[in-house]
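Visitor: As given, the protein sequences belong to chains G and L, one line each in that order.
Take 11 as the starting number for the first sequence in our numbering and just add one per residue.
Take 11 as the starting number for the second sequence in our numbering and just add one per residue.
Treat the hints with care, as some may be off.
The list makes no distinction among identical chains, and a pair is therefore deemed to hold if it is satisfied within one copy or across any two copies.
[Claimed, not checked] Listed next, the in silico BS3-like pairs over lysine-lysine satisfying Cα-Cα at most 25 angstroms (straight line): (1) 296 - 202; (2) 308 - 87; (3) 129 - 296; (4) 313 - 47; (5) 202 - 308; (6) 47 - 36; (7) 296 - 332; (8) 296 - 220; (9) 68 - 36; (10) 103 - 202; (11) 82 - 332; (12) 129 - 220.
Source of the hints: derived by calculation from the structure; they are not laboratory data.
All figures in this text were calculated on a predicted structure; none of them were measured in a lab.
There are 2 protein chains.
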Amino acid sequence: MAINFQLCWEPEDQTNILGIDIGGTKTALVMGTLEAKILRRTEFLTPIADPFDIAISKIENAVDNFIFDWHKDGNNKPRAISVAIGGPLDIEKGILFSPPHLANWGTAPVKPNLQEYFKLPVFVEHDGNAGALAEYYFGAGQGSRNLIFITMGTGLGAGIILNGVIYHGSSDAAGEVGHIRMADQGPLEYGKVGSWEAFCSGSGIVKFAKLRSPDLWGPQTTTHEIVQRALAGDPTAIELIDEVGRWLGKGLALLVDILNPDMIIIGTLGVLLGDLVLEPARRILKQEALAITNNVCKILPAKLGSSLMDVGCLMAVYDAYKNKRLWLPQDQ
Amino acid sequence: MAINFQLCWEPEDQTNILGIDIGGTKTALVMGTLEAKILRRTEFLTPIADPFDIAISKIENAVDNFIFDWHKDGNNKPRAISVAIGGPLDIEKGILFSPPHLANWGTAPVKPNLQEYFKLPVFVEHDGNAGALAEYYFGAGQGSRNLIFITMGTGLGAGIILNGVIYHGSSDAAGEVGHIRMADQGPLEYGKVGSWEAFCSGSGIVKFAKLRSPDLWGPQTTTHEIVQRALAGDPTAIELIDEVGRWLGKGLALLVDILNPDMIIIGTLGVLLGDLVLEPARRILKQEALAITNNVCKILPAKLGSSLMDVGCLMAVYDAYKNKRLWLPQDQ
């Protein structure tokens, strides 16, 4: 039987897309529409201890069950699969190369494997880029043209959208902002003393706190505790977060003078901490960046909040569809 | 009489374009073909002491004479005017806003004025971008897709070409790399202690030398002298240039991890000093940038050398023509 392809068979809101968000801890499965409306969701622990062949079989098995239940309830099967995953990876081919957060996976041909198994079009996007696209299309970034999304979760990465198009770079590694050096001394993160990630990520902040004031932050301190104390009004935690915000601002000033974006959107910790971390960043930006670049750039927390990566993992397909790079099969 | 427009009337090599490179010291006039072949050139001092109205009249007068002589020799009159100039400016409108290097000009509507006077299409480009486009189309950047051009002349600016398209930014100010802070202490340049321009530009290097080793570099030292001594093999000058190269590498590492370009081309001082300044930069890059980004990025001196801005000032029209944004009038 011949398979015919066209851009969209059913109406957009009845065309379903399966999203897979593969993280270093959990994997989420999302059933969404071609308009990125989330209809159903589940999650499970990513099989990180397994080699890739076994890990992907387990993920495929979970997807099978997820689709089976979905279809049993009288819903349309998905027409395409959209994946968000951390790099390094070849985005077009959908192959990961020895990802540090999935150390046992080695070279992992995620897209070829899923495509072969499900006989559906599969699109893959770097998770920082997926977050950027989610905010650009559905979050705080609507109306922006040159947008930088900073993850500020456990790690610190960026997704860069320029002239309305996601920018991947020459080896699909653009936006590795967590690796840039901000100071010759400081905490160690991303293999580098004083990297931006060492000052401004979930894993960095707690190291920074202990290094800066070992008398105030004991060995058991966690980033979660620091955040909770800051939100509860603890002056010690607020002062620490203020300094984190100033380091955030120093890094943002580089991006603002280099790329002249109209918006920078800050993910997880920017959402949790809000102005506690964003105001000092804006203050430093005003000192550090040129008026001509800084005056046109808004610094905002991500708007999608906890659903960011649910929408995000659908973005590989959504962006391909919007830019007419996606043709869906009629028969499955 | 109606004026008809089309993409190109005569063959490309017989369609002439007038280029104007307006610098803070000199203005060059270039007659070139639509293929950016240089046919004739002249230069004069930029009327920087005059207010804009008078300055632009003097430039227009010089252009008139230049075209008159050209036409008198039996050549086709130019079909369009292409301008390269330093910012800040609105590239599309061709208006400068209080350019620091042309302090008496205030708000300077360069494009509207030239268009009105010559009744020809006028295209304007920022000089850093013009240099980037010249190298991209005709110099070391041929075959590149994501290219950063670093001027490294008197100042330090960048032109950024991503996915084969010049990137202007949200207020036409992308590439202000000279303004980013590299250190908390150091020479003062671009209004900022420790800016990248303070370590790695013609005006910065001499300040850096005197600040670093006042015993070795007297108050009369010039950048020209430092460069000449380094080229002649003087160990003191070579060691200084090596350190400049290391600062260059530290800044390039930021660009490489943020933008993942396949090529970075270094202008004036990179051409003059060659590996004396580029090798230490490459050495630091290898330490500072990620392997996945650094391994795909070549660091090269500009290839067009002294004709860089002659070709560069034709790029506003050339790039518009290549991207089908230019329609030339049939009758003049």
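Visitor: Under the constraints set out in the numbered hints, which ones does this structure not fulfil?
Guide: 2, 3, 7, 8, 10, 11 and 12
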